[in-house]
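The whole structure should be built from the sequences, with the hints applied where relevant.
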Amino acid sequence: MPLLPDPVARLVDAALVGELTVVAEDGRPITYPLVPVLDGDRIVMTSSALDSRKLGHIKSNPRVCLSVTDPATSAGRTKRATIQGDGRVIEDDLHSGWERLLPEIGRKDPSIPALLKARVGFPLIFERALIELTPRRTLYWADGRTDSAPVASTTQAAR
Amino acid sequence: MSATEDLAKLAVFPQAVLAWVGEDGYPVNVVVAAEVRVEEGIVRFAAPTGLAIPTGAGVAVTGSHIRLGPQGGFDERSHVTAWGAASAESHGRLAVRVTRTWAWDERDLPLPAAYERDVPKARRYFEALSAERGRRVRPRLSTGWLLFRATRAPFLSATFAPVLLGLAVAVRAGFFDPATALITVVAASVVHFGLNVANDVFDTMQGADDANTTPTKFSGGSRVLQNGLISMRGMSLLALGCYLLAGALGLALFAMRGSAALVVISAAGLFISLAYTMPPLKLVYRGLGEIATAIGFGPVMLLGAYAVQTRGSLSWEAFVASIPVALLVMLILYVNEIPDRTGDAKAGKRTLPVRWSQAAVIRGWDVAAAAAFVAVGGGVAVGLLPVPTLIVLLAVPLARRVHGGLVLFYDNPYALMASMGTNIQLHMAVGVLLVAGYLVAIAAQSALGIRPFLW
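Going down the list, the protein sequences come from chains U and S. Taking the working numbering, the leading residue of the first sequence gets 724, the next gets one more, and so forth. Taking the working numbering, the leading residue of the second sequence gets 467, the next gets one more, and so forth.
Because the hints were derived from the structure by calculation, they are not lab data. We put the beta carbon where it would ideally sit given N, CA and C, even for glycine. Hints are not guaranteed to be accurate.
Taking beta-carbon pairs under 8 Å as the criterion, some of the chain U residues facing chain S (in silico) [claimed, not checked]: (1) 740; (2) 772; (3) 824; (4) 825; (5) 828; (6) 832; (7) 857; (8) 871; (9) 877.
Shown next as structure tokens:
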């Protein structure tokens, strides 16, 4: 049984940008725009070594959430979803481990794989950790209106 | 940027994402229609239905924007977050009194500047990861690209111009040996690589490259040490390897075409190359870097290449031919030092742009660039240089473009980059045109069987 309800998975699959919120050591929520990629039952994102603070936050507190909210960056879809779950930072191969996501990222924005040409000029941008999100609970607004109550689902991982 | 300015930016985002930490410890985020009261420092919005937002606890309101191109690609990335405690108001609305903000807009801070700002953070990340793993974890580039970047290979034109011109002057004088010509080109290139790598080592040891917060692709060194791509030991060994290889090639040239002139010229080249940044002389730190570069990449390289071919005889023609390339290579360094001047001053590197005012620096550039063209004209006028070398005048428009860029963008490192590139093109163009002028003269001489008047 998939961890994500089908409409939520389709929305994540279409989104170029999602908003990942992590919890800082001082308890503050911090939100980062990232490219979400479906990877089986999980959602995977990448973070450059230059912006590694979020990785430390996730390692200290793996509870995170990801939302897809902006029709402009989700192929015009007006639906909205929030996925809460557990984040895991994967740093085994910062240089090329994340490159397996390039075909999926390239499907969302064909220009991104070509950015690899800039690696010699900006090498640290391309040293990237993976953030793997295992969904536990989803909130879904089929009409995109968050002033109405969402459809909440708990995933198998949370049970 | 102040919190008020950040809130003013947040106010123009079409939507905002509210984030808070729920009772179960998981964060929640959801889009809201935020009303930002910039002067009051308050963000108001209707509470999302069906979700319990804790009042009195910290929440975050984030706006982010990216402009997508019709065929893919993006720009205009910006991101603002405001933090504060949420409090309930009437009609199911909430208010957040903002106590802290963070913002980034790539229109205010372009990618190269944002990159450099975050490099120290990335270095701390790799250090922490190394400590966690119990082994050194480094960012990587492929060996080829690492060498390309560490040696600053694109600057090799500074070597090719004087060496090829020296060979051309020798050919016109009736001397040419292809094997030693090739070895000369390779040896001079390897010395140049060694100089570049050693320069990074010594500039990093003396803090100049670390103090430079606005490097560009033309200035601020290769940054391979700052990016953690190679260790100081690795970089030092690379410099040593370059000098050892250059030394071996130099010995081969001595064995094949040795002369007292070549010994003196090679010693001068080696001295300048090492003394450029190496203590105790550190010529570039004393305002002598520009003149050292002019001598090293002008007369030393050109007369060295010439002397190899002629087995040690020198000529005024070769010396005069070296003047324009010497002046223009000096101007490459001179312009590239302009964006570095703040970091250089902090590190005690007293380059001319550190010492002089903006007006004086631009005037200095104008005088030296004009002198480069006058040297060619004068050389032709007194019969030392062949008439076809006057073709270098075709490069004058490039010089005018560099001057214009210096006037307009002196204080903007990233806007100045285009002029820095044109300045390098100017040196290359003059080098290529001088060689071309010589080839025309040599061809005419060969076709007519005599050396025509002034040719």
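For each hint, the structure was consulted:
no., hint, in the structure
1, 740, "holds (6 Å)"
2, 772, "holds (4 Å)"
3, 824, "violated (16 Å)"
4, 825, "violated (14 Å)"
5, 828, "violated (11 Å)"
6, 832, "holds (5 Å)"
7, 857, "violated (12 Å)"
8, 871, "holds (6 Å)"
9, 877, "violated (11 Å)"
The structure fails to meet hints 3, 4, 5, 7 and 9 from the earlier list, while all remaining hints are met.
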